[in-house]
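A.B. asks: Sequences and hints are given; from them, build the entire structure.
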Amino acid sequence: MSAQPSDKQTTQRRMIAIIATWKKLRPDLAHDQEDLRASRLEFAASVLGIPPIDSLTELTAGQLGRVLDKLREVQGFGFRVQGSAGTVESSRVQGSAGTVESSRFNQKPRTRNPEPHGRRGAAVVHLASNSQVWAIEKILDYLGWSEGGRAGFFRKNFKGAPARMLKTRQANSAITILLTMAASRDIKARRGEETKVSREMATKEMPELKKRIGLGSREE
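Each residue of the sequence shown is one higher than the one before, starting from 1 at the first, in the working numbering.
Honestly, the hints are just simulated from the structure, not real lab data. Just so it is clear, CB atoms sit at the ideal spot from N, CA and C, and this is done for glycine as well. Do not take every clue at face value.
Ranges of calculated distance between the beta carbons of each label pair, as one might list FRET restraints [to be verified]: (1) 152 <-> 208: 21 to 29 angstroms; (2) 188 <-> 17: 20 to 28 angstroms; (3) 7 <-> 156: 41 to 49 angstroms; (4) 193 <-> 169: 30 to 38 angstroms; (5) 17 <-> 148: 51 to 59 angstroms; (6) 200 <-> 30: 43 to 51 angstroms; (7) 34 <-> 191: 48 to 56 angstroms; (8) 72 <-> 50: 58 to 66 angstroms; (9) 23 <-> 206: 38 to 46 angstroms; (10) 156 <-> 193: 33 to 41 angstroms; (11) 147 <-> 34: 32 to 40 angstroms; (12) 192 <-> 212: 17 to 25 angstroms.
C.D. replies: See the structure below:
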């Protein structure tokens, strides 16, 4: 019978796998290892719902496993990331993750010590917050779109990146687009399909629309 790997060995293997997988998912950061590392640590903390971390070594083997499962789940979408060399599509890998705790991508990173030798600090990429992802899912549910329709929306507008991998500004844009589409649909349902819905009409519809969708309690 082969010996079971120790916790230390498991931890080491998972850290190596996380580093390698994140590098594949973010080819746009390949030119800057500091940015790549900072974004990887922010992602890990977000998946686990913990304060920002300075190193993967701060995590247990179990926590690293959860991060790795989430990475493989995201990788399984086959989404594309715009990089300096053009658009790169990730390989499709079946993730083992089931339900993963909500991420907190909107946390502010802890202040780190100044970089030696005048090296600039790592830029932090802020991804969609819990509330933004929640709002997007609520509006999609309200619209009643199929999985194919939802995937088509993200493919057309955000190069296929799922809601959780949108940047903060992209998530705000997705919410605005989806709310406008829902407002237009509801107005036409009342006034007829031939109605030309103006921006002013859609804006007036928003307060009641948000109530119907149930966005008031959590939307940021």
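A.B. asks: If a hint holds in the structure, say so; if it does not, say that too.
C.D. replies: Going through the hints against the structure:
For residue 152 and residue 208, the Cβ-Cβ distance of about 27 angstroms falls inside the hinted range of 21 to 29 angstroms, so the restraint holds. Take residue 188 and residue 17: their Cβ atoms lie about 49 angstroms apart, and the range 20 to 28 angstroms is violated. At about 45 angstroms, the beta-carbon gap between residue 7 and residue 156 stays in the expected band of 41 to 49 angstroms. Restraint check, residue 193 to residue 169: a C-beta distance of roughly 33 angstroms satisfies the suggested window 30 to 38 angstroms.
Take residue 17 and residue 148: their Cβ atoms lie about 31 angstroms apart, and the range 51 to 59 angstroms is violated. Residue 200 and residue 30 have their C-beta atoms about 46 angstroms apart, which keeps the hinted 43 to 51 angstroms range intact. Between residue 34 and residue 191 the beta carbon distance is about 55 angstroms. The supplied range of 48 to 56 angstroms therefore holds. A hinted range of 58 to 66 angstroms is violated for the C-beta pair residue 72 and residue 50, which are about 20 angstroms apart.
Checked against the given bound of 38 to 46 angstroms, the beta carbons of residue 23 and residue 206, roughly 41 angstroms apart, stay inside it. Taking the beta carbon of each, residue 156 and residue 193 are about 22 angstroms apart, not inside 33 to 41 angstroms as hinted. At about 37 angstroms, the CB distance of residue 147 to residue 34 agrees with the hint of 32 to 40 angstroms. Between residue 192 and residue 212 the Cβ separation comes to about 20 angstroms, which falls inside the hinted range of 17 to 25 angstroms.
Going through the hint list in order, the structure does not satisfy hints 2, 5, 8, 10.
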